[in-house]
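When you get a sec, could you build the whole thing from the sequences and use the hints?
Residue numbers (the numbering used here), protein chains in the order written: chain E, 5 to 332; chain F, 810 to 1116.
Don't take every hint at face value.
[As the list claims (entries may be wrong)] Straight-line distance between alpha carbons at most 20 Å, and here's what the computed SDA-like set of lysine to any residue pairs gives:
1) E:Lys83 - F:Gly1076
2) E:Lys83 - F:Asp847
3) E:Lys240 - F:Gln919
4) E:Lys325 - E:Asp190
5) E:Lys83 - F:Thr1072
6) E:Lys115 - F:Leu870
Hints are computed from structural coordinates only; laboratory data are not their basis.
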Amino acid sequence: MLQGSLSLLRGLLAGLAAVLVCACDKPSSGSAEPKPAPNGKLRIVATTAMIGDVVQSIAGDRAEVRTLIGEGVDPHLYKPAATDLRVLKAADLIFYNGLMLEGKMGDVLAKIGASGRPVHAVADHLGPYVMDSGEGHHDPHVWMDVAGWTRAAESITAKLKKIDPPHAAEYGERAAAYFEELKKLDAYAREVLASIPASQRVLVTAHDAFSYMARAYGLEVRGIQGISTESEAGLKDIEDLVRFLVDRKIPAVFVETSVSEKNVQALIEGARAAGHQVRIGGSLFSDAMGAAGTYEGTYLGMIDHNVTTIARALGGTAPEKGLNGKLK
Amino acid sequence: MNWTTDDTWIALTGALCALACSLPGCFLVLRKMSMMGDAISHAVLPGLAIAFLVTGDRASLPMFLGAAATGVLTAVFTQWITRFGNIDQGAAMGIVFTTLFALGLILIVQAADHVDLDPGCVLYGAIEFITFDTVRLGGWEIPRAAVVNGGALLLNLVVIATLYKELRLSSFDSGLADTLGFSSGLLHYLLMTLVAVTTVAAFESVGSIIVIAMMIVPPAAALLLTRRLLPMLLISSGIATASAVLGHWMALVLPPLIGFERTNTSGMMAFTAGLLFTLAWIFSPSEGLLKRYTAGAISESGSYPNP
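Structure follows, in structure tokens:
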């Protein structure tokens, strides 16, 4: 038996050596060096789909935009894929949110930026606009307020112009048209959210992602969880929220597409036990947008969906199909 | 598929990390403490919270120091409770890491509820991105993660080589070790500290999945193939290295073949280790499935190898 295990060991080691030699012998081919982009297009990488969509809208057919964090994925919980390294290495320009939304990946991206490659954190340069989430740290969910996201989009436009000066005018034109759309969206959000009866302008959601929206459009906001989707809701938090719902007679609470809805269910059951019917007003896009290729998979559609859903569930008036008549 | 210099670095760093984890992992498996890596991954939470409260920052260095300190504490507390509470080591580990994890949650809710402070966000690195963070060593651009894990491997090698006889004896017969005049308790603290430092260093540089897997799976597979300590360490090292290298290769090659677009390298490395374990389980000369069926009898050998 000893003989057997020794020869097995020898075999294993030989196999291992073969594997190692194979792995190291393969010539490092040039795919790490930036190849000329297809059709002379810029290769742009964005971390979140919210950023990717804005970049694509402004850059148009001048750029090929790749998004790292897929649809329905919570950016706090993003795990890189083996191919993401190649995507980042080949990029001409990288956009990320910043304000710790991407966690440790933010460090990685900042390091790429420090090595001289064009990397831009769209929410890091908004100055005093950025909200403090307490303890001196910043709330990263800037895209929830259209006016705030417009400023991020302005910084994206500036970056695009800087890296590709021959087409600066083209970017400027497309950006102007896109900002028109954003302005319309902002006005629409303001109008339909203002149609909610004043006492019911309360947004209760699974986690604290809607502070910017609340500040911009005059809502009161309560999240069951804190900013991090990994923190746990305490029993007392749930009780306090249930009492709040009952006292204020709030008709609806909201779930989020990228967060489990079990805490929201606990709220509804608690309120029912206290004799107050609360329903789920709908599913909101918080940290991730809808499926790519649909209207909800664009920034405009995502916000349209959110404000329309909120307004209709809380007793306001809003067209069923939203601002552009495209909501499902 | 194009194998680039980056891929060589990733495979190499994965292998260094796997080796650094599987060496002390062998002793953990023999001492029935194989879940130590997993326990530490939960127990670091209060360390992160305290480091954040002290520095007011989520920068990598204070997070790493906080995590390393609680990692070592987990090891020390586990040993205390085992000794003085006179209970099983697995149970002691369970008591310690759940208590520390709960303490971490309380600290976060009390003091930092509005800050994103989970280990996945502030501590765990990603092996896919190690080549973006390099250090210069003698004219070479080397990923920091390769240096960190190489250092951890060296430390483990030195300690295990110097104290090989003592560690071997105390792993199998702590009573005899004590009567022979060297304290098995002290050795145990040393080993556990080694595990804690290795674990946290690897967490910070390459992420948690590889660490937890490599601390258990290669040693467990090796234990199926041999009953002697030195061959076990060698086989376990071989399996660890093969898992890392094959794992990254499969993460690149496999997804297009089965219609997926993306695969995570560290997940694939852990998966490969599981695959190799299955092979060891089937073909083990002493208690493998094949052996059982061909011999027609189930061997009732004890689960400890002879020293």
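Hints, verified against the model:
{"no.": "1", "hint": "E:Lys83 - F:Gly1076", "verdict": "holds, 10 Å"}
{"no.": "2", "hint": "E:Lys83 - F:Asp847", "verdict": "holds, 19 Å"}
{"no.": "3", "hint": "E:Lys240 - F:Gln919", "verdict": "holds, 13 Å"}
{"no.": "4", "hint": "E:Lys325 - E:Asp190", "verdict": "holds, 17 Å"}
{"no.": "5", "hint": "E:Lys83 - F:Thr1072", "verdict": "holds, 9 Å"}
{"no.": "6", "hint": "E:Lys115 - F:Leu870", "verdict": "holds, 15 Å"}
Taken one by one, the earlier hints all hold for this structure without exception.
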